[in-house]
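Chemist: Single-letter residue listing:
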Amino acid sequence: MSSVAHDEHHHEEHFVSKYIFSQDHKMIGKQFLMTAVFMGLVAMMLSILFRIQLAWPGEESTILNLFLGDAWAPNGIMKEDMYLGLVTLHGTIMVFFLLTGGLSGTFSNILIPLQLGARDMASGFLNMLSYWFFFISSLLMFASLFVHEGAVFGLQLGDPTTSLPGVWDGSGPAMAGWTIYPPLSALPQSVSGSGLGMTLWLFSMTIFIASSLIGSLNYIVTVLNLRTKGMTMTRMPLTIWAFFVTAILGVLSFPVLLSAALLLMMDRMAGTSFYLSDIIVGSEMLANHGGSPILYQHLFWFLGHPEVYIVLLPALGLSSEIIATNSRKPIFGYKAMIGSILAIGFLSFIVWGHHMFITGMNPFLGSVFVFTTLLIAIPSAVKVFNYLTTLWKGSLVLTPAMMFAIGLVSTFITGGVTGIILADSALDIAIHDTYFVVAHFHIVMGMSAVFGMFGGVYHWFPKMFGKMMNTRLGYVHFWITIIGAYGVFFPMHFVGLAGAPRRYYNYSVYEEFDQGALDMMMDLNVIVTFFAIFAALGQALFLFNFFYSIYRGPKAPQNPWRSTTLEWTTPVEHIHGNWPGNLPTVHRWPYDYSKPGAKEDFIMQTEPLAEGEEEH
Amino acid sequence: MEKIIILIVLITGVIAIAQLVRVYELTYKLKNRGEHEIPNRDNNLNAKLMLGFMLFQFIGFIYLMLKYGWTGRGEPASIQGVETDWLLNVNFVIIIAVFFITNFLLFYFSYKYVRKPGVKATYYSHNNKLEMIWTIVPAIVLAVIIILGLKSWSELTADASKKAEKVELFAYQFAWIARYGGEDNTLGKFDYKLTNGNNELALMTESTIDSSVQEMGKSIENVELKLKRINFDYLSSEYRGLMAASDYKSDVDALVSEIAASEFNLVNAEEKLKHLYGKYTGAHGHINVTLNEPNAETQSIIGDLEKELSIKERLYRSLVQMKQNHNPDFDKLALNDIIQKDTLYLCKGREYDFSFRAKDVIHSAYFPHFRAQMNVVPGMPTRFKFTPILTTQEMRESKNDEKFNFVLMCNKICGGAHYKMKMIVVVYPEAEYEAWMNEKKNATFKDQYFPSEEAEEKVSK
Chain A
1 MSSVAHDEHH HEEHFVSKYI FSQDHKMIGK QFLMTAVFMG LVAMMLSILF
51 RIQLAWPGEE STILNLFLGD AWAPNGIMKE DMYLGLVTLH GTIMVFFLLT
101 GGLSGTFSNI LIPLQLGARD MASGFLNMLS YWFFFISSLL MFASLFVHEG
151 AVFGLQLGDP TTSLPGVWDG SGPAMAGWTI YPPLSALPQS VSGSGLGMTL
201 WLFSMTIFIA SSLIGSLNYI VTVLNLRTKG MTMTRMPLTI WAFFVTAILG
251 VLSFPVLLSA ALLLMMDRMA GTSFYLSDII VGSEMLANHG GSPILYQHLF
301 WFLGHPEVYI VLLPALGLSS EIIATNSRKP IFGYKAMIGS ILAIGFLSFI
351 VWGHHMFITG MNPFLGSVFV FTTLLIAIPS AVKVFNYLTT LWKGSLVLTP
401 AMMFAIGLVS TFITGGVTGI ILADSALDIA IHDTYFVVAH FHIVMGMSAV
451 FGMFGGVYHW FPKMFGKMMN TRLGYVHFWI TIIGAYGVFF PMHFVGLAGA
501 PRRYYNYSVY EEFDQGALDM MMDLNVIVTF FAIFAALGQA LFLFNFFYSI
551 YRGPKAPQNP WRSTTLEWTT PVEHIHGNWP GNLPTVHRWP YDYSKPGAKE
601 DFIMQTEPLA EGEEEH
Chain B
1 MEKIIILIVL ITGVIAIAQL VRVYELTYKL KNRGEHEIPN RDNNLNAKLM
51 LGFMLFQFIG FIYLMLKYGW TGRGEPASIQ GVETDWLLNV NFVIIIAVFF
101 ITNFLLFYFS YKYVRKPGVK ATYYSHNNKL EMIWTIVPAI VLAVIIILGL
151 KSWSELTADA SKKAEKVELF AYQFAWIARY GGEDNTLGKF DYKLTNGNNE
201 LALMTESTID SSVQEMGKSI ENVELKLKRI NFDYLSSEYR GLMAASDYKS
251 DVDALVSEIA ASEFNLVNAE EKLKHLYGKY TGAHGHINVT LNEPNAETQS
301 IIGDLEKELS IKERLYRSLV QMKQNHNPDF DKLALNDIIQ KDTLYLCKGR
351 EYDFSFRAKD VIHSAYFPHF RAQMNVVPGM PTRFKFTPIL TTQEMRESKN
401 DEKFNFVLMC NKICGGAHYK MKMIVVVYPE AEYEAWMNEK KNATFKDQYF
451 PSEEAEEKVS K
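Sequence lines, in order, name chains A and B. Numbering-wise (this note's numbering), the first sequence opens with residue 1 and increments by one. Numbering-wise (this note's numbering), the second sequence opens with residue 1 and increments by one.
In isolation and in its complexed conformation, chain A is listed as follows (with noise of 0.2 Å):
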């Protein structure tokens, strides 16, 4: 302790330089930890809005009218504009801000350097900086939400009177969904939010982009070049295994997502032909030839795909960590996890086409991306297996954080089954785009890694503020979680093979043609709100816990967990450079749980080996 004090003498600081400019990676993760978590209640709370129009479609509605408006939605009856705007908005935040900025940004910035047994970042400047793209993206992302009428909050940001008709222009956020595939979203004749709506949200990612590769960069490099001594590549938890592959996949894949969206905005904006090619829109005939809409496709899901993994790989490291440590046995399979998250890593860069077999593409094409696409499930079997394995004959301690991650495993084999039907071309025909797609991705993408999510605040939560988080609340935040994501998408599976398409206002069409349908599908669409209404009601005991216990959590122990890695041996309170004295050494891997013959169920990666002992 009295090395902290001394710490705190001699740098002293400022309140900007301390909270808001920082450059300590420890501040700058629960800088990106906070954005997200707001970011994901905007997202979760336009998702309601939206279940509530799938449910009770046509009824006024005072919640409705409540957040969205007379504007968007009069006698609290959403317009058919703003429901589009609302899914659109609700995947872009979720997969980008809360996913990937919330996931990765948080957790390899707190747990890289703590667990590599480093000072910092090896740029702590680039890091702030990182945050502050993130910080902006996500405000122009959240301030597109009011747009009307070419201003948002009444300020207009461009002139209308130039000659970019539309692009400055038109009422509420994009509305062509996250993929915003052109042309929808590259003329803003075509749906109202394609005007300054898009093209905020065009913005919004590019800097978003630009703050992912700065961190991804930081990550890479701090990950090669700053491990302690004695750490070498296979001593390293499986979880910076995971943000050093998470990082790699970003670095290769997002820059190909700003060049799709950098080609976008010229030709909303400078006249060229990219992605237009012969179009009549309304009765205005464009003079754009030559271009291509499916060109738009490749590029999207050239980083549409590894984002999948970008987002789910933290979500399994952190899990591999919390199961081993809960399970107090070393994660089975060590090498072969990591096998696995290499090839994981190398195959998403090859299957992205599964998400385009129907667009008309060559299906001699179609079948390469299915082997490839199929192949995938082979090293995520393994890894499902390997968390069995460790989990057998294990000790379990049944922290809310070891619940989550158990929970992940449940909703990566539930979501992960049905992929095998989706990338296969063939069955991929009658089920492309329907709600059947909608409940594959939320389990095995979306409840994955925000469960991967929860388990990580839980578990390093007296790491990030040196308190304890309430166990019990943690319990029963984690039961009404698990039981309405699964209440949520379960049904959705059926919804999607009755036929019903994804994004659709209402499905009062169906009137016209098979009212057998539309009864089931109307069912099950109210059941799956009540439990995604049930469910968002649940995070608010979540928010409670995270900030009564940042002001008045009992005081965490050093090593809450019992647990073997280098950032349960720095002091509770956070210093610069993290350890008040040299660096550790590390003298072995990060799973030696339960060894025949320690004392303690545990050994610390920080123990050298007793003579005579194995490694492992």
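Treat the hints as calculated values from the structure; they're not laboratory data. Please read all numbers here as calculations on a predicted model, not as lab measurements. If a hint is listed, it holds; no wrong ones were tucked in.
Partner residues aside, some chain A positions facing chain B, computed with beta carbon under 10 Å: (1) THR179; (2) ASN288; (3) ILE358; (4) ASP428; (5) LYS467; (6) TYR475; (7) PHE478; (8) TYR486; (9) PHE490; (10) ALA498.
Which stretches of chain B does chain A cover? Using the computed rule of at least three CB atoms under 8 Å from a CB of chain A, they are: (11) 122–133; (12) 136–144; (13) 350–364; (14) 369–378; (15) 419–431.
Note that beta-carbon positions come from the ideal geometry of N, C-alpha and C, so glycine has one too.
Got chain A sorted already, so can you dock chain B onto it with the hints?
Modeler: Frame of chain A; chain B shown alone:
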């Protein structure tokens, strides 16, 4: 009032939770136990709940499967759909087995191996043989899935047979139009630039090209005229401003209205105004006039019109080129095409070779009952085939719903009314279909495009 009550309830709720947490923490403190030490009671309770959750998951699944399953769509109504459903069921058997086994192991282990006093976890870090098994077994299963899948895929996407009836589906915000090949079963050529009021599918024939060239020419003249007028308005108001002195004011007014009434040329008009200005200032020879820039509004209107003009000129040039290159022999392919809105009629047992075309944004032609789907992409032709094997009537009987109909829906987000973009599909038995087709033979593109000609022909007969 309502809002205040909700607010009060919320606040009291938060306070209540906070107080509960305080009490709970105090008891922990009394017992001298930290938050990180999970008591056995909690541990065991949650372990049992894990098992309970597994039951909730499994029973929920079985219930939904029994109650809904495939019922929403009913049996497959095309040859290709039968193939798809068979393969889908094979895959479902595999994945449902995996779902039950692995989820069972997960929750059962979470229950069974929960911490027990005195029992230590087994140090078991790896087993190459086991890991090999669960790499190879999934690989074999996946190989089977891949082989079966690719076999179906190559059949489903193979070219349709020569005999297949050719139908084009044209998609736009927010409806579908079908076009049948007609007597020759060949679809006529098209080009989007030929779109106009009485040729909404932009079919290409000598006369449609001619009328589009003419129309585009007229439209360009119109824009030029507008540009001339707005430029003249700007010039005249500037010169009026310059010569606001009373003795010339009426002269300017007279000149402006004289020019405006004639089919003037902008350069000459400006010369005349300049000349008058010379008289007014008493200048000789070359006259220098400094005018203000047009205001922002005028500039933006001029900018828009110039942009419109350049687009139209570009289109005009391509149209003229199209006219020069056109081979009139192809006209008859388009002229006997049959254009069909609202309802798509198909014949049971006949193979259809669909081609797809979009007018504005990407759409997707989705036939859930035939298990068929293909995107409709502007500027890029796509195609798909299927063979209906159930008539609408048969499907109604099978689903026990007298009002049931097949449908073609849009399944790619395409704008506000996306959810309403559909076309009813009716599958007739052969005889009925032929009857319908015969009726349609007098309602070809030619009949629609040249109604008067048709009348004349009838008279001459």
